[in-house]
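Engineer: So the chains spell out like this:
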Amino acid sequence: MTPRPLHPAVRAAALAAALAGCAGAASQPARHDISIQAFVYQPAREPVHPGDTLVFVNHDAVPHTATAADGTWDTGEIPANATRTVVVRDKGIGAYKCAFHPTMKAALTPAE
Amino acid sequence: MNRSTLRLALTLAAPALLALAAGCAKDDAGQAGAADTTAVAAAPAPPPPGTPAGVQPSIVTDPQIAAIVVAANATDSAGGALALQKGTNAKVKEFAQRMVTDHSGVNQQAVALVTRLGVAPEENNTSRQLAQGGEQTRQRLSELSGVSFDRGYIDSEVEYHQTVLQAIDSTLIPSAQNAELKAMLQQVRPAIQAHLDMAKGIQTELQGAQ
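Chains as they are written, first to last, in my numbering: chain A, 1 to 112; chain B, 1001 to 1210.
These are computed hints drawn from the structure, not numbers from a lab.
Bear in mind that the values here come from a model prediction, so they are computed numbers and not experimental data.
Possibly wrong hints are sitting among the right ones.
[Stated by the list, open to error] Here are the in silico distance ranges between beta carbons for each label pair:
#, chain 1, residue 1, chain 2, residue 2, range
1, A, A95, B, E1123, 43 to 53 Å
2, B, S1142, A, A80, 26 to 36 Å
3, B, A1112, A, Q28, 35 to 45 Å
4, A, A69, B, E1205, 13 to 23 Å
5, B, L1084, A, P29, 24 to 34 Å
6, B, E1143, A, P102, 30 to 40 Å
7, A, A30, B, S1145, 51 to 61 Å
Just so you know, even glycine gets a beta-carbon here, dropped at the ideal spot from N, CA and C.
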């Protein structure tokens, strides 16, 4: 049995989906694990792309935050031994600090 | 009360730690060590950088360190609670809340650790002086109000955290025998340093507001 040719609209949709899939694979948002221990963010400088996810794990006995200097993202309070996740956008790539302990500073840098 | 008198009065809790840092708690450690045969006799650690000539770091046992840590955290938490009631400057109150939260958290961690390790905190002269000095400081601070209270509280916090840092570096960390207890002290140190930096920043702002 000869397969029926696909309707042009269906072919276009399939092609678009295939292209979208390829594009998605190329710019898949990445996950970045950042630990907080002894009042230090580790790594202190992390290359990221817009849309990437930041996962902060607080290993200290006291609460912290990770708060973008430009105010575009904020984990809110991260209790002791807790994890908070944020998605970073274009504007948020830069310096951040702990709102509770302003001497704690780190930065996101644009990934190559 | 002039500021120099006030400054002197507000740091009553500090001498206990200062004496510890300077090696004046040897008798205390010796008495307790004799009573606690489980305490490991610490080999004298080399004097840390900056230790004045002729001053040997005092040695305290792990159970004594546990009691000192608990007393130090409880003292600063109580001071923060008072400042939350009497403080007027927004940054002073925010700092006070941070002291209550952080020192409570550190104390919970410390108590959980020593409980797991089976180390029963052992009261000693330093821990007792910390508690008594803290109480006296709070009594004197409670007589102040407004800007005088804010400045007095922050001045006492600067001195207190400086002294605690010195004690951690010169005595507590070098004396700690249990690796986990030593690691906890090393983890606590950055918190004390951050608190000191924060207090100094507020102190400078309050002085500039004169």
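Engineer: Failing hints, ascending?
Structural biologist: 5
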